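A.B. asks: Sequence lines, in order, name chains A and B. Counting with our numbering, you get residues 96 to 175 for the letters of the first sequence. Counting with our numbering, you get residues 444 to 946 for the letters of the second sequence.
These are calculated hints, taken from the structure and not from any lab test. Nothing here was measured: the structure is a model prediction, and the numbers come from that model. Note that CB positions come from ideal geometry on N, CA and C, so glycine has one too. Honestly, I wouldn't trust all of these hints.
Unchecked claim - Calculated cross-link-like contacts (lysine-lysine; reagent style DSS-like; alpha-carbon spacing at most 27 Å):
id: 1; chain 1: B; residue 1: K932; chain 2: B; residue 2: K769
id: 2; chain 1: A; residue 1: K99; chain 2: A; residue 2: K152
id: 3; chain 1: A; residue 1: K99; chain 2: B; residue 2: K769
id: 4; chain 1: B; residue 1: K710; chain 2: A; residue 2: K152
id: 5; chain 1: A; residue 1: K152; chain 2: A; residue 2: K98
id: 6; chain 1: A; residue 1: K152; chain 2: B; residue 2: K769
id: 7; chain 1: B; residue 1: K932; chain 2: B; residue 2: K716
id: 8; chain 1: B; residue 1: K710; chain 2: B; residue 2: K941
id: 9; chain 1: B; residue 1: K813; chain 2: A; residue 2: K152
id: 10; chain 1: A; residue 1: K98; chain 2: B; residue 2: K716
id: 11; chain 1: B; residue 1: K713; chain 2: B; residue 2: K932
id: 12; chain 1: B; residue 1: K941; chain 2: B; residue 2: K813
id: 13; chain 1: A; residue 1: K99; chain 2: B; residue 2: K716
id: 14; chain 1: B; residue 1: K941; chain 2: B; residue 2: K713
id: 15; chain 1: B; residue 1: K872; chain 2: B; residue 2: K940
id: 16; chain 1: B; residue 1: K932; chain 2: B; residue 2: K872
id: 17; chain 1: A; residue 1: K99; chain 2: B; residue 2: K813
id: 18; chain 1: B; residue 1: K941; chain 2: B; residue 2: K872
id: 19; chain 1: B; residue 1: K932; chain 2: B; residue 2: K710
id: 20; chain 1: A; residue 1: K98; chain 2: B; residue 2: K713
id: 21; chain 1: B; residue 1: K813; chain 2: B; residue 2: K716
id: 22; chain 1: B; residue 1: K813; chain 2: B; residue 2: K659
What the hints assert, rightly or not - The following residues of chain B were derived to be distant from chain A, with all beta-carbon distances above 12 Å:
id: 23; residue: L460
id: 24; residue: V678
id: 25; residue: V927
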Amino acid sequence: MSKKTLIFGYLVLLFFLHQDSWLKNDGTLVMGFLPATLAYHMAFVVAATLGWLLVVKFAWPDGLESEPASENSGEEAADS
Amino acid sequence: MTQVVIICVYLVLLIGLGVVSKRFFRGGSADFFVASRSIGPFVLFMSVFGTTMTAFAMVGSTGEAFNVGVATFGKMASSSALVHSATFFLIGLRLWSLGKRNGYMTQIELFRDRFESSGLGYLLFPILVGLIIPYLLVGLMGAGSVIGGVTRGAFPEVFASTGGAVPPWLTSLVICAVVLSYIFMGGVRSAAWANTFQTLVFMAMGVLAFVLISAKLGGFSAASEMADSAKAVRVGNITELQFFTYLFIPLSVGMFPHLFQNFLTSKSSKNFKFMLIAHPLSIMVTWIPCILIGYWATGAFMPGTETPIIPPGTSPNAVLGIMIAKLSTPVIAGLVGAGVLAAIMSSLDSQFVSVGTMFTRDIVAHSFGKDRFSDTTMVWLARGFITFIVIVTFLFTLAEPRSVFTLGIWCFSGYAALFPLVFAAIYWKRATKIGAYACVLATAICWFLLFKASGYGSNGAYTVGGMMPVVAMFATCAITLLVVSLATKAPSENTLKKFFPIS
Numbered sequence: 096m097s098k099k100t101l102i103f104g105y106l107v108l109l110f111f112l113h114q115d116s117w118l119k120n121d122g123t124l125v126m127g128f129l130p131a132t133l134a135y136h137m138a139f140v141v142a143a144t145l146g147w148l149l150v151v152k153f154a155w156p157d158g159l160e161s162e163p164a165s166e167n168s169g170e171e172a173a174d175s
Numbered sequence: 444m445t446q447v448v449i450i451c452v453y454l455v456l457l458i459g460l461g462v463v464s465k466r467f468f469r470g471g472s473a474d475f476f477v478a479s480r481s482i483g484p485f486v487l488f489m490s491v492f493g494t495t496m497t498a499f500a501m502v503g504s505t506g507e508a509f510n511v512g513v514a515t516f517g518k519m520a521s522s523s524a525l526v527h528s529a530t531f532f533l534i535g536l537r538l539w540s541l542g543k544r545n546g547y548m549t550q551i552e553l554f555r556d557r558f559e560s561s562g563l564g565y566l567l568f569p570i571l572v573g574l575i576i577p578y579l580l581v582g583l584m585g586a587g588s589v590i591g592g593v594t595r596g597a598f599p600e601v602f603a604s605t606g607g608a609v610p611p612w613l614t615s616l617v618i619c620a621v622v623l624s625y626i627f628m629g630g631v632r633s634a635a636w637a638n639t640f641q642t643l644v645f646m647a648m649g650v651l652a653f654v655l656i657s658a659k660l661g662g663f664s665a666a667s668e669m670a671d672s673a674k675a676v677r678v679g680n681i682t683e684l685q686f687f688t689y690l691f692i693p694l695s696v697g698m699f700p701h702l703f704q705n706f707l708t709s710k711s712s713k714n715f716k717f718m719l720i721a722h723p724l725s726i727m728v729t730w731i732p733c734i735l736i737g738y739w740a741t742g743a744f745m746p747g748t749e750t751p752i753i754p755p756g757t758s759p760n761a762v763l764g765i766m767i768a769k770l771s772t773p774v775i776a777g778l779v780g781a782g783v784l785a786a787i788m789s790s791l792d793s794q795f796v797s798v799g800t801m802f803t804r805d806i807v808a809h810s811f812g813k814d815r816f817s818d819t820t821m822v823w824l825a826r827g828f829i830t831f832i833v834i835v836t837f838l839f840t841l842a843e844p845r846s847v848f849t850l851g852i853w854c855f856s857g858y859a860a861l862f863p864l865v866f867a868a869i870y871w872k873r874a875t876k877i878g879a880y881a882c883v884l885a886t887a888i889c890w891f892l893l894f895k896a897s898g899y900g901s902n903g904a905y906t907v908g909g910m911m912p913v914v915a916m917f918a919t920c921a922i923t924l925l926v927v928s929l930a931t932k933a934p935s936e937n938t939l940k941k942f943f944p945i946s
């Protein structure tokens, strides 16, 4: 399995882990002040940041820096 | 009075920033609208982040946490941490690349070109601008609420009807004037610079307010123990289906006209890398203080008394302002008030520039020919249209107030519902002109009918089959585009080569 597949798989997994149903009725205060679901979603943000860091390092697309065609090509095509 | 002086000094500083950026203004419309595509990674991130975080993120999130608890962070902020960056990566990068290659300055130019239709632009223009108006309203209403809260009692004789607070209409008027002045001086470059400065200010002031308020309440633990425990969980505040379907709403960033324009200011695609990583963490730094302040407000009493800090029946929009005013000094209230205004103005400026750009490029230049008016005239036309939209929005602020959070959700839902259009435009060759027309019309009708059914946003708990209304709108857009495109003639080979050059 390629690095790209693993990284994008990790991001898809995060999408499903966003739904923390197991904490929906847990009123525990983590560290004495953070409600459990809030602490979980803070950790989720850190996990998402890690995912995007991996994308930037290992899965950045090529071929985006192409030269401009012509400044008004958009308008010309739409007018035609 | 002290807080008003601090806020005024901050506003003067912003105008000064506009004067400085004017010295860098190269005079042409390309510089006014996309800063000659010269913006680097840090300013790009700060301007995109500052634009995305508005009154919704500070005033709205505090009020919503006060109303329905800490689930507010999961339903809008942590979901955005994942979905916003995904949208910047999947949509933003491609739009930047296509915009640079083909010289687009607005979304509509891209859609007209991709779907080979001039008329599609005339259909999209009122919808995109129409959806910006509630977004602007969110900012102006939020500003009015917070400044009203932090200045309560400051002018008992001048503003007797508001308990001595600066009235919302005056706050709206002043911040519109300040934002207009600095963007008129330097266009999108001014907006990007001001956003960078203001984003730093509102993040720092949010943390400052959080630390000081928690100290006044006896520390983090004491503040949380005082709070209503029912607001620490999701059960009873939001259903699981609602929570899940909130995930659709952050897709709106793929269709925000002002973000499209922010993307195009970037010098290089590599500038997006920093944004992808910094955006989620910055969302957390901005939202967590506000969510906890809103949560603590549910049970907080004035120190040493039995008096609740938030009186029963208080508007959720006012919670942040009241917490700051009652639990800090006038100096801190002034600084935090300026920070909240920073968050609001950092969105308003990009939105103002964006509507001006769309009007001049997509309506005036497209209808009358790009050579009909000089570059200077085009910039003045943009300024005129921006002023018109600001006046319309200001008049709306005088009408019956809505919850900042609810109004924001309806606005974002409209943009998120159109996400399939931009996704198909750049990833699906078979998406056609008639499919685009049909999906835009169907989505607009669906949005309006649901908005009407919710009492024009007055019913904040309105759902469709237990789901957020955005799901019905999104499905309408996606299904209509898919079915109609497959049933109609495919785009020309020339267009496909232009938009899908590799495959």
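A.B. asks: Against each hint, give a clear statement of whether it holds in the structure.
C.D. replies: Hint check results:
1. Restraint check for K932 (chain B) and K769 (chain B): the C-alpha separation of about 64 Å exceeds 27 Å, so the hint is violated.
2. Distance hint between K99 (chain A) and K152 (chain A) is fulfilled; the C-alpha atoms sit about 10 Å from each other, no more than 27 Å.
3. At roughly 51 Å between alpha-carbon atoms, K99 (chain A) and K769 (chain B) are farther apart than 27 Å, so this suggested pair is violated.
4. Distance check on the hinted pair: K710 (chain B) and K152 (chain A) sit about 20 Å apart at the alpha-carbon level, within 27 Å; holds.
5. Distance check on the hinted pair: K152 (chain A) and K98 (chain A) sit about 10 Å apart at the alpha-carbon level, within 27 Å; holds.
6. At most 27 Å may separate the alpha-carbon atoms for a hinted pair to count; K152 (chain A) and K769 (chain B) exceed this at roughly 47 Å.
7. Distance restraint check for K932 (chain B) and K716 (chain B): the Cα-Cα separation of roughly 38 Å exceeds the 27 Å cut-off, and the hinted pair is therefore not satisfied.
8. Between K710 (chain B) and K941 (chain B) the alpha-carbon distance is near 21 Å, which keeps this suggested pair within the 27 Å criterion.
9. A C-alpha spacing of about 42 Å is found between K813 (chain B) and K152 (chain A), which places the hinted pair above 27 Å, so the restraint is violated.
10. At roughly 18 Å between alpha-carbon atoms, K98 (chain A) and K716 (chain B) fall within 27 Å of each other, so this suggested pair holds.
11. This hinted pair does not check out: K713 (chain B) and K932 (chain B) have alpha carbons roughly 37 Å apart, beyond 27 Å.
12. Restraint check for K941 (chain B) and K813 (chain B): satisfied, since their Cα atoms lie roughly 22 Å apart, inside the 27 Å limit.
13. Pair hint K99 (chain A) plus K716 (chain B) holds up; C-alpha atoms about 16 Å apart against a cutoff of 27 Å.
14. Pair hint K941 (chain B) plus K713 (chain B) holds up; C-alpha atoms about 22 Å apart against a cutoff of 27 Å.
15. Of the supplied pair hints, the one linking K872 (chain B) and K940 (chain B) holds, its CA atoms being roughly 10 Å apart against a limit of 27 Å.
16. Under the criterion of a C-alpha separation no larger than 27 Å, the hint pairing K932 (chain B) with K872 (chain B) is consistent with the structure, at around 12 Å.
17. Annotation: proposed proximity of K99 (chain A) to K813 (chain B) is violated, straight-line Cα distance about 44 Å (limit 27 Å).
18. With a C-alpha separation of about 11 Å, the suggested pair K941 (chain B) and K872 (chain B) falls inside the 27 Å cut-off, and the hint holds.
19. Of the supplied pair hints, the one linking K932 (chain B) and K710 (chain B) is violated, its CA atoms being roughly 37 Å apart against a limit of 27 Å.
20. This hinted pair checks out: K98 (chain A) and K713 (chain B) have alpha carbons roughly 20 Å apart, not beyond 27 Å.
21. Between K813 (chain B) and K716 (chain B) the CA atoms are separated by roughly 35 Å; this puts the pair beyond 27 Å, and the hint is violated.
22. Taken as a hint, the K813 (chain B) and K659 (chain B) pair is broken in the structure, with Cα atoms around 60 Å apart against an allowance of 27 Å.
23. Residue placement check: L460 (chain B) keeps its beta carbon more than 12 Å from all beta carbons of chain A (closest about 30 Å).
24. A Cβ of chain A approaches the Cβ of V678 (chain B) within 12 Å, the least distance being about 4 Å, so the stated non-interface status is violated.
25. The beta carbon of V927 (chain B) is kept farther than 12 Å from every beta carbon of chain A, the shortest such distance being approximately 20 Å.
Comparing the model with each earlier hint shows violations of hints 1, 3, 6, 7, 9, 11, 17, 19, 21, 22, 24; every other hint is respected.
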